[in-house]
Amino acid sequence: MTDPHHTHDIAPDSDALAALEARAYAAFDQGQLQQASALFGELAGHAPHVSYLHYMRGLAHKYLRDWPASLQHNLHAQALQPQLDEGAAWNAGIAATALGDWAEARRQWAHCGITLPEGDGPVERDFGMIGVRLNPWGDGETVFARRIDVVRARLLNVPLPESGHRLFDIVLHDGAKTGERALDDGVVPVFNALQILERSDHRTFVAFIRCPSADDLDTLQAAELPGIGYVEDWTASIVPLCLRCSYGVGHVHGDGDSAHEDDAASNDDWQIERTLGIGAQGKAAVERLLADWVAAGPGRGVDAIECPACEETAPEDGTVWWRDVTDVQDEDEDAGADDASA
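First residue of the sequence shown? That's 0 in numbering that gives the first Met the number 0, and the numbers climb one at a time after it.
If you are wondering where the hints come from, they were derived from the structure by calculation, not from laboratory data.
All values derive from a computational prediction rather than experimental measurement.
Heads up, the beta-carbon is just placed ideally off N, CA and C, and yes, glycines get one too.
Hints are not guaranteed to be accurate.
[To be verified] Ranges between beta-carbon positions, derived for each pair:
#	residue 1	residue 2	range
1	287	309	51 to 59 Å
2	28	298	54 to 62 Å
3	209	123	38 to 46 Å
[Unchecked claim] Listed next, the in silico EDC-like pairs over lysine to aspartate or glutamate satisfying Cα-Cα at most 20 Å (straight line):
#	residue 1	residue 2
4	176	223
5	282	161
6	176	305
7	282	305
8	282	302
9	282	214
10	282	200
11	176	138
12	176	140
13	176	28
14	282	232
15	282	316
When you get a sec, could you build the whole thing from the sequences and use the hints?
This is the structure we're talking about:
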């Protein structure tokens, strides 16, 4: 949560301090967060009573994911305000949650008027479905998740391995909405994921299969087996990306693809070659699931099962990744951009 830029509370008779404040905001707006924090700190040395300087330092450290410093500066900002500073309270609550300081997190959510179950440990409650942008400083893959806390959510999709995330990871997410996604008959807000708090034991397996019909796929997705968390049809949900090519699994694109000719003959627009994302505790469970499925129906096959090892990424200095996606799209459209991606 950001604050409007202030340029009038610090020694208005001092051109040098006004210029310093302008530099601090410019550094922040350019994603130079360490520099911005240092400049706001220098300003706070001249005007320690000005709360928004401490707030801005806390905000910079939130986007740096430096949680102890973010909590410290946001608490300092609150102490200087006679009334509730909701932005500082939200950011302090996020930082406290990241640090596992549940007493402080609960205090901050109470300040924001959020009713929580009684207790003194982690918050465990169903706050509903949301979308979460994983690695918003990178490709920004969006998956669905269920909030179990004000700013914690459990991932319910199988993320692409390249994201470094897994099915059932519990992630910390920001408090500011950055977009919306359709879900069932409505829409849910999308929030930026900040980091993984609890790593799931369900690794991501990529399976390239031959599936004669939608009914065959339904059978596979409905199958239950110990160690299998969820089977997701990435062919339907990840349209622009050919994962077979990216993983080196050979096939033919275009009109000469015999598999596509078979699709048209047997199942209208059905694509026989399909890519699955499978969240599972081990490869043996995936192999057994697919072997049982192949044995139970004609025309079914498995071309490859991959399990690439990928790590969670981190933002690079100078990347302004936290802005509302719709704001970025509006600016791109105003500039005549051909592609305003989310």
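How the hints compare with the structure:
Remark: the range hint 51 to 59 Å for residue 287 to residue 309 is contradicted by a beta-carbon distance near 24 Å. Range check, residue 28 to residue 298: about 57 Å between beta-carbon atoms, so the 54 to 62 Å window is met. One distance hint, 38 to 46 Å for the beta-carbon pair residue 209 and residue 123, holds here, with the actual separation near 42 Å. A threshold of 20 Å between alpha carbons decides the hint, and for residue 176 with residue 223 the separation of about 35 Å lies outside it, so the pair is violated.
Among the hinted pairs, residue 282 with residue 161 is consistent with the structure: their alpha-carbon atoms are about 18 Å apart, no more than 20 Å. Under the criterion of a C-alpha separation no larger than 20 Å, the hint pairing residue 176 with residue 305 is inconsistent with the structure, at around 34 Å. Our distance criterion of 20 Å between C-alpha atoms is met by residue 282 and residue 305, whose separation comes to about 9 Å. Using a Cα cut-off of 20 Å, the hinted pair residue 282 and residue 302 holds, with the two alpha carbons roughly 15 Å apart.
With a C-alpha separation of about 25 Å, the suggested pair residue 282 and residue 214 falls outside the 20 Å cut-off, and the hint is violated. A hinted pair counts as satisfied when its Cα atoms are at most 20 Å apart, and residue 282 with residue 200 qualifies at roughly 12 Å. For the suggested pair residue 176 and residue 138, the alpha carbons sit about 18 Å apart, so the restraint of at most 20 Å is met. This hinted pair checks out: residue 176 and residue 140 have alpha carbons roughly 15 Å apart, not beyond 20 Å.
Using a Cα cut-off of 20 Å, the hinted pair residue 176 and residue 28 holds, with the two alpha carbons roughly 19 Å apart. In summary, the hint linking residue 282 to residue 232 is supported, as the alpha carbons are separated by about 18 Å, within the 20 Å threshold. With a C-alpha separation of about 37 Å, the suggested pair residue 282 and residue 316 falls outside the 20 Å cut-off, and the hint is violated.
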